[in-house]
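Engineer: The numbering of the sequence shown is the UniProt record's numbering, which starts it at 1 and goes up by one.
Source of the hints: derived by calculation from the structure; they are not laboratory data. The beta carbon of each residue, even a glycine, is placed where N, CA and C say it ideally should be. Heads up, a few of these hints could be off.
What follows is a set of in silico ranges between Cβ atoms, one per label pair, in the way DEER data are often shown [what the hints assert, rightly or not]:
#1 Glu216 - Lys130: 24 to 30 angstroms
#2 Pro145 - Asp85: 28 to 34 angstroms
#3 Pro208 - Pro145: 18 to 24 angstroms
Below are the EDC-like pairs computed for lysine to aspartate or glutamate, each with C-alpha atoms no more than 16 angstroms apart in a straight line [said to hold, decoys possible]:
#4 Lys126 - Asp85
#5 Lys141 - Glu169
#6 Lys141 - Glu177
#7 Lys180 - Asp237
#8 Lys84 - Asp117
#9 Lys49 - Asp66
#10 Lys238 - Asp207
#11 Lys238 - Glu169
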Amino acid sequence: MQADQHLIEEGQTGIMFEKGDDYKSQAMGRAHNSGSASKDQKRRETAFKEIAMAGEQLRLPREFSDRAKEIFAALDKQKPVKKKDIKLFSVAVLHAACVDFGNGRSLRELGGVTGLDAAQIGKCVKLVQKVVTLKSFVQGKDIIPRMLDRLGISNITHPRGEPSVFRLEKTLIETFENAKKRVIQNSPQHASIAGAILYLVLNRMKDPFFHRDLVEISSSTGMAKSTINNIVQILVDKADIFLPSPLPDWLAFDMQMKKKQSSGVKSEE
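Take the sequences, apply the hints, and build the full model.
Structural biologist: Given below as structure tokens:
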């Protein structure tokens, strides 16, 4: 808020009048300057409301929204940014704040709570990144636990409690990070990759509490079944590269099915 107040004060006192100027000239100058400051202030107020609403919908701590407001105040002076849609820009700086705190949110998640197109948010995020130099990736520890929660998988709901869920979560996060590094490098589709990995693993688990089919994963993550399937086809052909080794006993991954799917993908190419 201090930075914002500084900007307001700077805008309100930016024009000085020399002695001898007539009253009409000074009045016109004050009116013009006041209007400019008022317009900038209104833009900031609108942006801060958008940031606060999106932050609440994502259940983010208040300091995330405060950080986003600081980033907005710093970047709003830039001409390329001034031309951006205020709502898009607000969501982009909130994305930057999340990354800054080491708790990234995917573009799909941001689009889901704001109703904005993920691709358009992504373009605005790139503009923000040029100025603040933030990392553009989402980590497994950010997205996997949230997806499991949406699927109703937690240590509270599982009959055997925390150890089983913790092992699953750890394996999924490790698998997600390995897939990003070794199979699908530099992809912006982090939510889609995570959803595909959840399907790849959960659909092959013996425990009925963990088992989920494609329809369940698609509906809970908001990703199209075709998108999940396309990424699964890429991943399954290289499962030996990124899946944890040796596979834990409780993870019933059907390697024979993997080989069949892999050969099927190759025959189609």
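Engineer: Decide, hint by hint, whether the structure agrees.
Structural biologist: Evaluation of the provided hints:
| no. | hint | in the structure |
| --- | --- | --- |
| 1 | Glu216 - Lys130: 24 to 30 angstroms | 39 angstroms, violated |
| 2 | Pro145 - Asp85: 28 to 34 angstroms | 31 angstroms, holds |
| 3 | Pro208 - Pro145: 18 to 24 angstroms | 21 angstroms, holds |
| 4 | Lys126 - Asp85 | 14 angstroms, holds |
| 5 | Lys141 - Glu169 | 9 angstroms, holds |
| 6 | Lys141 - Glu177 | 9 angstroms, holds |
| 7 | Lys180 - Asp237 | 15 angstroms, holds |
| 8 | Lys84 - Asp117 | 14 angstroms, holds |
| 9 | Lys49 - Asp66 | 11 angstroms, holds |
| 10 | Lys238 - Asp207 | 25 angstroms, violated |
| 11 | Lys238 - Glu169 | 21 angstroms, violated |
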